[in-house]
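Take the sequences, apply the hints, and build the full model.
Residue numbers (numbering that gives the first Met the number 0), protein chains in the order written: chain Z, 0 to 466; chain U, 0 to 466.
Derived by calculation from the structure, the hints in this document are not laboratory data. As the structure is a computational prediction, the values presented were derived from the model and not from experiment. Glycine included, C-beta positions come from ideal geometry on N, C-alpha and C. Hints are supplied without guarantee of correctness; some may be wrong.
[Unchecked claim] What the simulated footprint calls covered on chain Z by chain U, stretch by stretch (three residues with Cβ under 8 Å from a Cβ of chain U suffice, anywhere in the stretch; the number is not a length):
#: 1; segment: 97-109
#: 2; segment: 237-248
#: 3; segment: 293-302
#: 4; segment: 407-421
#: 5; segment: 451-459
[Unchecked claim] Okay, the calculated bits of chain Z under chain U, using three or more residues with CB under 8 Å as the criterion:
#: 6; segment: 149-158
#: 7; segment: 167-180
#: 8; segment: 198-205
#: 9; segment: 343-355
#: 10; segment: 435-444
Each chain, written out:
Protein chains: 2
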Amino acid sequence: MTDTTHSNLPVVEQLIAALGADVVTVADAIGERRLADWSGVPAGKPAALVRPLDTAELSQIMAICHAAGQPVVVQGGLTGLAGGASPRDGEVVISLERMKAIEEIDPVSATMTVQAGCILQTVQEAAIEAGYYFPLDLGARGSCTIGGVLATNAGGNRVIKYGMARESVLGIEAVLGDGTIVSGLHKMLKNNSGYDLKNLLIGSEGTLGIITRAVLRMRARPMAVSTAWCGLGDFASVTTLLRRAQAELSGGVSAFEVMWPSYVNFVHANFEELRRPLAGQHAFHVLLETDGADAEAQAAQFEAFLAQMFEDGILEDATIAMSERAALDFWAVRDAPGEFPRLMPAMVAFDISFAVRDLAEAADRITAGLATRYPDALAVVYGHLGDGNIHLIVNPSDPSPGVAKEIEAFVYGVVQDLNGSVSAEHGIGVKKRDVLDCTRAQGERVAMQAIRSALDPRAILGRGRIL
Amino acid sequence: MTDTTHSNLPVVEQLIAALGADVVTVADAIGERRLADWSGVPAGKPAALVRPLDTAELSQIMAICHAAGQPVVVQGGLTGLAGGASPRDGEVVISLERMKAIEEIDPVSATMTVQAGCILQTVQEAAIEAGYYFPLDLGARGSCTIGGVLATNAGGNRVIKYGMARESVLGIEAVLGDGTIVSGLHKMLKNNSGYDLKNLLIGSEGTLGIITRAVLRMRARPMAVSTAWCGLGDFASVTTLLRRAQAELSGGVSAFEVMWPSYVNFVHANFEELRRPLAGQHAFHVLLETDGADAEAQAAQFEAFLAQMFEDGILEDATIAMSERAALDFWAVRDAPGEFPRLMPAMVAFDISFAVRDLAEAADRITAGLATRYPDALAVVYGHLGDGNIHLIVNPSDPSPGVAKEIEAFVYGVVQDLNGSVSAEHGIGVKKRDVLDCTRAQGERVAMQAIRSALDPRAILGRGRIL
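If you want it as structure tokens, here you go:
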């Protein structure tokens with residue numbers, strides 16, 4: 000641990016004395032953009048912003064903050080939706096934006112070693128450049144950092160085939176609350192030597208340690224993608240389609256996105272420029288995608304599969320994208336929610352998950368319950384069904400915070416009742432802290448708190464987040 | 000927590016008073032088979048054997064042991080190779096053999112909920128019965144339990160495609176050292192709500208908690224398997240074959256097993272009954288397998304791929320199994336190590352992993368170093384190369400424990416030097432505790448110990464194992 004020789008000074012002055020004014024920005028000089036993430040959670044007034052150049056400097060910063068009991072919050076690209084990176088009054092904001100290098104690409108081991116501040120899109124492009132593929136992808140790709148992606152275990156569009164962020168990481172380095180460097184930058188796919196600190200730190204939203212570097216796992220680049228838009232008559236057909244696609248498309252399914260009629264009707268009523276993939280009305284719409292190596296064989300298999308599903312009465316209708324342009328048109332319908340906030344000023348958004356079996360019941364109970372309670376509210380349902388993850392957006396006619404709170408209480412009650420999760424992929428942060436107990440049992444929360452206190456006994460890392 | 004009303008009695012009498020003589024077997028009545036696992040680690044004399052019927056009983060047992068500071072050891076199928084389940088003097092042995100039910104199969108969610116005592120093979124067969132597949136497979140399948148498989152994060156033959164044990168689990172229930180039940184039996188593929196206790200408990204070898212139930216993830220059953228035996232001239236060709244197979248066989252690669260000449264020569268010299276897949280001499284032999292849904296298309300793709308590899312000068316020779324029988328003959332050559340102990344009485348076995356890039360150097364340094372130090376020793380090298388995992392078996396002419404220790408010190412020195420792991424899949428247990436620091440840095444060990452002390456403050460779970 001670093002010797003904190005200036006420990007009689009206020010903590011910000013200690014940080015300046017140890018690291019210099021270039022690394023430490025004091026309160027009033029901190030730019031506005033540091034004060035909020037995409038969550039809309041109001042920010043407090045931080046004491047300082049520190050931007051270390053390397054892991055050793057961060058270790059020094061944490062040793063000083065630990066000794067002083069100074070709370071800190073870590074920021075990546077500030078694209079989080081749970082408010083975890085929004086600073087509170089008096090916190091020291093830590094940004095790893097100067098640690099953004101790709102340190103090594105090892106094509107034989109199919110790994111890329113990066114610093115936490117590296118932007119996701121930079122990683123994706125470097126992987127392609129090296130003849131590989133980094134499958135993790137989300138809308139914020141141009142702003143979000145690898146550190147933030149790992150701290151929140153981000154999901155996104157291709158989880159069904161490639162897993163969440165944690166499945167794309169082999170080793171990490173992190174700094175604990177007291178400055179201890181936990182160094183586990185391995186390239187091994189198998190390593191059964193004691194506790195899985197990597198997966199514990201991934202998804203801990205900056206409350207157990209600060210991820211500084213990671214060894215990422217690159218995958219083979221898919222050379223062919225097949226995309227179809229399907230119309231189905233009931234939920235049983237949707238789950239049958241999912242099961243059979245997984246079985247009969249040789250593990251190639253890379254997206255299985257489901258849209259309820261509420262969603263399709265809303266999009267087509269409000270986005271006239273978007274092509275309607277199917278002319279008819281269907282109880283469910285599915286965007287099905289598969290990727291693989293052999294374009295011709297895959298296209299034939301995909302077409303034969305859909306024909307069989309039609310013959311077996313699973314599909315009411317389907318259309319295959321015959322060009323990349325057509326596939327992008329399908330995805331544009333699925334990606335419309337990026338524009339929803341403009342159309343739904345009072346929107347309350349949910350990112351919830353269930354067992355696949357329970358998804359239909361969850362959606363039915365939630366929409367029926369909302370219709371009774373708020374007949375004027377709009378509620379649209381869609382999601383990554385292959386992952387058990389639905390997004391629900393509710394726009395009540397009354398925009399008051401009290402109504403939003405009531406809607407949340409109702410929806411999270413259904414989540415708890417059906418043993419679901421209040422956060423499938425966005426994280427808990429500050430926004431869902433109050434409803435964590437809908438998803439995590441008391442014994443789990445006791446164990447989580449015990450681990451947190453053990454790793455950060457002065458509770459300076461992300462205080463007030465998650466637990 | 001349970002009220003421990005008999006806390007003035009010795010702990011074994013308390014257990015009998017609380018749970019009855021049917022659940023608690025006292026020292027001398029414990030059968031011999033409880034006293035050793037497959038590791039050969041000598042066992043001590045345990046104080047009692049307890050066999051709870053459900054999670055509530057186990058919670059009661061742990062509350063009593065916690066209050067008394069009584070060390071416990073958990074046993075599954077006793078097939079471990081690291082000595083973790085071998086009892087020490089005075090320990091209470093906990094067996095979950097009465098908790099072996101398959102509680103539910105949910106075909107829509109593709110999940111199976113099982114108790115920890117359920118045998119792996121029973122799970123595999125139930126998955127097939129339900130029209131699915133449970134890919135985790137290892138030689139001990141008929142004896143090992145799901146609890147043991149998860150506690151050690153077992154690997155096995157199909158890790159390259161389906162991952163280690165942790166990748167086949169969605170939720171778990173466990174009991175902590177003080178009897179707290181940590182209940183996380185979810186069926187969700189995505190659940191970003193706080194810390195990943197599941198992955199922390201998986202692989203903790205019974206030292207952080209006792210896994211009692213799990214929700215397993217079933218996969219689509221592959222309908223077609225293609226298998227080839229390949230001969231290659233150098234290690235660069237081996238890694239090129241791996242990379243191109245991953246890229247060009249559409250993610251279908253389900254095994255990539257590499258055998259060095261030392262291995263092939265030893266097997267053919269000692270197992271005359273085994274067919275030699277290729278007649279010629281090659282620097283490396285690879286067993287390549289792919290699985291998928293469409294037999295005809297896959298066979299054509301596989302054959303075309305191998306022809307291309309031959310044309311590109313990657314392969315010196317290759318042969319495709321034209322029947323299941325022929326494929327089994329290939330696998331028999333790869334599975335011969337099951338019989339090695341009979342032929343190598345002084346054998347010292349290693350289960351080590353590296354970055355794929357470093358495997359050749361690791362094998363070369365180890366075999367060259369051993370040849371210098373022990374010219375009469377036999378050393379054979381083989382492994383799951385796609386996972387970076389090699390097994391090394393050394394049979395010195397001098398069977399004394401001192402020589403075995405020296406060989407271990409040398410090999411683990413190379414592991415440390417190349418940033419590898421002393422345990423790819425078998426775990427640390429008691430056998431590799433002394434060499435944990437070759438793989439886990441000091442900061443990691445500090446964090447591991449802090450977590451262990453937080454979850455089991457009286458240090459009664461698996462004392463003397465891992466750390």
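Quick rundown of the hints versus the structure:
no. : hint    : in the structure
1   : 97-109  : holds (count 5)
2   : 237-248 : holds (count 6)
3   : 293-302 : holds (count 5)
4   : 407-421 : holds (count 4)
5   : 451-459 : holds (count 4)
6   : 149-158 : holds (count 4)
7   : 167-180 : holds (count 3)
8   : 198-205 : holds (count 5)
9   : 343-355 : holds (count 4)
10  : 435-444 : holds (count 7)
Hint check: no violations occur; every hint is consistent with the structure.
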